[in-house]
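Colleague: Could you put together the complete structure from these sequences and hints?
Single-letter residue listing:
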Amino acid sequence: MIVCVAVVGHQNNPLYIQSFTEADDALKLHHIVHCSLDVVDERVNNPKKSGPMLNETFLGMLYPIENYKVYGYLTNTKVKFILVTTDLDVKDADVRNFFRRFHSAYVDAVSNPFHVPGKKITSRTFAERVSTIVKSFGFSSAA
Amino acid sequence: MDPAMTPLGKMLLEEITPVVMVISTPAVEETCLKNGLSFLQMLTPFCSFNNIDVPVRTASDQPYRIHKFKLRLFYGSDVKKPNLKVAEQQLKQVITDSGEKVFSELCLDVPGFNHEVASSEDRDTPSWFQFFNKELVRVASFSDHEAFDHPVACLLAVSSKDEHPISRFVDLFNTNKLPSLLKDGSMDPKILKHYLLVHDNQDGPADRASKILTEMRNTFGTSDSLLLSVNSSPDVPIKHQDNPWASQIYNVPPNQDLGCFLNIDDINEIKDLMQDLSSKHIIPNMEQKIRLLNQQVSATRKGFKNQIKNLWWRKGKEDGVDSLNGPTYNFNSIESQIRVLGDYAFMLRDYELALSNYRLISTDYKIDKAWKRYAGVQEMMGLTYFMLDQSKKEAEYCMENAFNTYLKLGLLGQQNATRCGLWWIEMLKARDLYKEAATVYFRICGEDILHSAVMLEQASYCYLLSKPSMSRKYGFHLVLSGEQYKKCDQIKHAIRTYRSALSVFRGTTWSYINDHVHFHIGQWYAALDMYDVAVKHMMEILACSHQSKTTQELFLSDFLQVVEKTGRTFEVTKLQLPVINISSLKVIFEDHRTFGSSSVATNTKEALWRSLEEDMIPSFTAAKTNWLELQSKLISKKHTLSNVCVAGEAVKVNIEFINPLQITIPVSGVTLICEYSTSTDELTSDEKELSVKTNNEVDHFRDMSSYNSSFLVSEVDFSLGGGETTMVQLSVTPKEVGTLEILGVRWKLSGTIVGFHNFELSHPKKNIVNGRRKAKRPPNEKFKFMVIKSIPKIQGSVHSLPGKAYAGDLRKLMLELKNPSEFPVKNLKMKINHPRFLIIGNQENVKLEFPGCLTKTIGSVQTGANANPNLMSETIFSFPVDTSIQGETPLSWPLWFRAAVPGDISLYMSIYYEIEDISSVIRYRTLRLHYNVQVLPSLDVSFQISPSRLRIQDFLVQLDVVNKTSSESFQVYQLSSIGQHWEISLLQPPDTIFPSQTLMAGQAISCFFTLKNSRRLSTLENNISTMPVGSDVLLVPQCSQDLVYNSNNVPLVNFHHYERLQQKALHEDLGDLNTVDFVLISRPLNNSINPGLSDPPHVMSHHACHLSTASTGPISWLVDGPQTLHHDFSASFCEINLKMHLYNSSETTAFVHIDTIDLDSSGGHINSVNALPSATPDNQVGWHDVTPVNELKVSSNAIETQPGKALLLESVSPYIWSATSSTNIHLEPMSPAEVPLQICVFSPGTYDLSNYFLNWKLPSKGLGDSDETRQHSGKCQGYKYYLTVLQSP
Amino acid sequence: MVREVSESCVDSLMTEMVACYCNRFYANKPELAARRIEAIGYQVGQQLSERYTMERPRFGDHLEAIKFICKDFWSEVFKKQIDNLKTNHRGTFVLQDNKFPWLARMSVDPSADNVSSVEDYSAPTAESKAAQAMSMHLYFPCGIIRGALSNLGIPCAVSADISSLPACSFVVRIKA
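Residue numbers (this note's numbering), protein chains in the order written: chain W, 1 to 143; chain V, 10001 to 11289; chain S, 20001 to 20176.
If you're looking for bench data, these hints aren't it; they were derived computationally from the structure. Every residue gets a Cβ at the ideal spot worked out from N, C-alpha and C, and that includes glycine. Careful, some of the hints might be misleading.
What the hints assert, rightly or not - In silico DSSO-like cross-links for lysine-lysine, where the CA-CA straight-line distance does not exceed 30 Å:
hint : chain 1 : residue 1 : chain 2 : residue 2
1    : W       : Lys69     : V       : Lys10487
2    : V       : Lys10467  : W       : Lys78
3    : W       : Lys69     : V       : Lys10748
4    : W       : Lys120    : V       : Lys10408
5    : W       : Lys69     : V       : Lys10393
6    : S       : Lys20175  : W       : Lys120
7    : W       : Lys78     : S       : Lys20071
8    : S       : Lys20175  : V       : Lys10467
9    : V       : Lys10487  : W       : Lys119
10   : W       : Lys69     : V       : Lys10068
11   : W       : Lys91     : V       : Lys10435
12   : V       : Lys10549  : W       : Lys120
13   : V       : Lys10549  : W       : Lys119
14   : V       : Lys10101  : V       : Lys10549
15   : W       : Lys78     : S       : Lys20080
16   : W       : Lys78     : S       : Lys20029
17   : W       : Lys78     : S       : Lys20086
18   : V       : Lys10536  : W       : Lys120
19   : W       : Lys119    : S       : Lys20086
20   : W       : Lys78     : V       : Lys10435
21   : V       : Lys10435  : W       : Lys69
22   : V       : Lys10408  : W       : Lys69
23   : W       : Lys135    : V       : Lys10549
24   : W       : Lys119    : V       : Lys10393
25   : S       : Lys20175  : W       : Lys78
26   : W       : Lys78     : S       : Lys20079
To be verified - Residues from chain V that face chain W, not an exhaustive set, calculated with beta carbons under 8 Å:
hint : residue
27   : Leu10465
28   : Pro10468
29   : Met10470
30   : Arg10472
31   : Lys10473
32   : Val10479
33   : Thr10508
34   : Trp10510
35   : Tyr10512
36   : His10516
37   : Ser11006
38   : Cys11007
Modeller: Here it is in structure tokens:
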């Protein structure tokens, strides 16, 4: 299941972090997301490592930590989406699909004239949309 | 680069070197103990040789030289696996000590903890890591599965004091005392031995020693027997600068200086001893052993045949394999010999040989499943590859392989795994693969928390050093290790790590992490009783609005606990709780303007007041020769520098406190911090200002907050609920003349911690209420006040002013002025912004009761009093000269209030007064009162006036009254017409209008009056506005107690005056002679639900002004004649005489011209002429001077004739106008006239005699005239007038 | 789902906005009006770029981004591509649109066919006034371009030139 999704702005400032666990592990998740930025930077700055998927928005799995897997997605506008999941075998297709939907949700959110660019996303509709996307994660292509 | 130069290389050259086992007698030890050293310690510094030159040959006779060499000395008793328990303790100790050490130096820069950054000083990893790692490696030493810890030689030391030294030598080295390694056969007990005789020169001359030596030589052989004589220095202890022992021995007793009895010769002697021990004996010995072993190995194992054999043989003893430790090999087994060969070669830097042997043996071990040995060999292979500096990949592969294998062994391989890991890490570091190194660190940290903590910390540094540096992971791992440290309460380490981590997260918006870090640092500092720092850190997270409620509570409670622990009330400048909304800051003070209430000061606009007062207060600039000269000088001088306030009068500050949290926080003791200086001179106080800025403001505030006699500060307590915001008003009251400055605000959070906010330090945009010098003044000046000695201040209030009133409500109010001080004030003036709503009465009015004073009975008295209303139109009302207020007796003055129009009305009144005594800076003051009144709609009154058809100069007035209220019901009491020449009278008796005399809510009535124009020419001269006579009509049935209100009385007349002024704007009036004003007086009935309005008796007056009667222009006319008549048409056609009454109501002579139009076709030509009369100027006499204006007008009027023409077509049976078809008359102003008319009727019927036009024209006053709007001429169709003619029988 | 807006709507909205800012809010200070309009464009550009760069790989260098603006972005916004892209290879690009839709329905009195740059507020002769009034309509697209690029991590300054109507060219100077 997806443990946490996050949007991080182009100045590496958290725009939206939402954990989907009952446990009170917000802090840990914050740390995980925060560290994942390092990996993102690394991937982007020396593309030789990222190899074929050069300049693709989807960065694939960034790094495993404890029993989590962290996936990353970097938009053209240097906004990062981070996905933390506990699933052992995650289909890349699923993750890609997830990020695609998530991205569109994000775009709609920031197109809201009341959203201040660079500030936290507080839109409730966005949160709802995200939670539905998260819920449907995996089923989309599994079905 | 040379691998030997890398840290790893150095480490290996240190660690993997030949071991010399030392066995000594107690006597030897005590000899050395004189120097505070053990025998071993005494020798150790001289065991590493950096500049020797020993020729060596490889197994294949390749000569090479060894320049650097090192021996490791161990007591025989120590040559064994270290005890884990002890080792643990040792390591723990190391950590704790280093923790203390590092922390102590960390604490020095505690205050500046928020200045440090993730810069170089973070980057160099703490030095104690190396030491710790070394210790860690040492734990794994003397394992039987590897040979480089096996002693290559044994040094037997006997003192010359011992008796039978030879025998001592012998039994020093007998098997039962030997370490287990040698006994259990895992290594070769036949090792090189050296026999050292130690002689203490303090015991006397060395002759005995030399005797023994010769004896030794005989027994053990010359080469292996040595003599060392020490302590040869005289009894006076000597101090060695750069003491060779200091470096290696840690816990040195301070008074003890090491090696005090060893003089330079002794030291040299030791040096030489060790040197030729190594170079002459050990190295050659090893070299020789290498050859030997090499031959054996190649004999048994080299060559194809041996390989096969070996393989087959191993297969054979497959079954014999026991535990995972694999079979046990004793020293003469070929395997361990190969290993020994490898290790020896390694130690003699013959890495190729070493490598080949390791390769050889590793496969064997692998097949034998002797995993530990296999791992060990792999490890060595890795290291050898590294030292050879070839095929990095191989090296790393080997290390990893070894590491994993060790790990597989579990507890058995634990230490080795750690050691292997550390070496591996070093290897990676040497190749700048810091990230990988970090991961290895991560893998090392086993279940032992403390170790893992250290490893994690080292890992974090690796992340920092990796390219590109991964600061976030650095932070994360620091936090992790910090937690681990905390678990095994190494708090100081924990704090250290967290604080380093802080440098990563500070300034970012990752508030969760930031809070967590700060919070724990705070807690831990508190645990170390370093509360000040703890508080500092905790304060960072107080205003954590993003956190959950519970977290906020936790933070706050812990914070408060910490603060309590400090014992004193903690005082801090930047306390974030509650948040102060500095932009909400407002300073209210009263210099020469005083306010009825503070709300007045805050909520009203200065500009508005100024405009209201401008012609009341003497302006500085305009002041020429009067006493104001002085004042203007005084004030302008001081004012430019600071505000003026009066001693004994409070200066108020409104400021907003915001609670960002979801939990309620109690705030108490909110006071202003003020500074008072007796000097009114600005310069000195400015200097003081500067000094304030410089010194630490907390202290400054502390003494400021201490009680000060020269001013008084108010104190406010409140508690802020979650997310609440409250506006607090603080006040400071100066008591003495001087300079008062408001520096800031202090408050107490939940009774324990005191917060300060300095107004100056943060430069907010303050909106000082009196905006006079807002722009000019630098911010700090806004809080500086020149206190002048106390002067009278009038307090005033208006009594019985309703908050709500219905439109038209008329009341008498009392303005009460008090002057508490003993000084009298004089020359009172007053001004009100809405004379339409509020009128200042007269002294006389005080007595009269209301609304009785309005009634006619006493009406005649006041008519004089109200003089002429336009006196008080816009100008100032000045109280009588003799009025001076002083002491208790208040001055009360009547005001008349009338709710003129519905809406929210705000009434501003400003009262000006002068102070008697000349000396004070302020000579006059103004009292500003402000009230809001909500006026509700009550009666909606509208009038409609139409000229009556019956009599000329009579008008029909329709009055429509609608009760707009929801609940109230009114009694429409009386209607008065104002204006000098109007008489109004009822058309039908009142009770028919109002059967029930009330007008219910929402009810509408309309009633009719006749309005008679009673003006005569005589009344023409006197002005309208002077003495408006009027006529009143009671709308209620006449009864005795009902009084008639006199609309000429104060205040009705005044209000009416203002109504006129007001409504003039609306109606542009034509011919104001013909306009009429009405006043409708009504009374609310007392069944009111609204208590605010129920107090009886009220009078409400509705004024309607400038109602125009002249609907038809100045000329009014009436056709008079019979309505029906009988005529015998058989006899003749009928002639009927009619009269037209004309009246000219304008004040100029009017030309009137009447055209009659016949209806039959024969009269067509007249029509054509008269349709557009102006088109044919030669038509009639009166139409010569037709101005373009008129022409336009006429032609426009001609359109009005359309109905007339229409009427022709569907007209009834024709009649003709006999007599003159058109008449001209000059109508004198204000005069009637009569025009005879005649028609002829040819058949019975009913005729409409409206077929005539009446052209009227006033002499135009030329184009540029003021009242261009006014009509100069017109053309009107005649009124309908029906005449019925019957055939007479 | 792709939502579409009537072109004419946008056109009139656009002109109305410009009119509002130039003649009502900041009647006598055109610089301020210009800045405001540009700012609006900037935000619009940011949001649009956010949307139109979905589903496409990140740009390797500036040129790619500019090309994106010329091709996809432009055709998304104006249903046509930039007709001509020039660059000195030192961070200045000139995007020329031979028939810029938002100028397509405008005309200046023939006397004012001289090239008037957006920046210059030269002597207010009749034609230069007219040109300036028209150039006001170019701040919005300039803002859009700047917003889009800066959101793509390319801080730049954008100005517009009206050559002969309805052609116009946008000059992008990338801040080093």
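Colleague: So which hints don't hold here, by number, going up?
Modeller: 3, 4, 9, 10, 14, 16, 19, 24, 27, 37, 38
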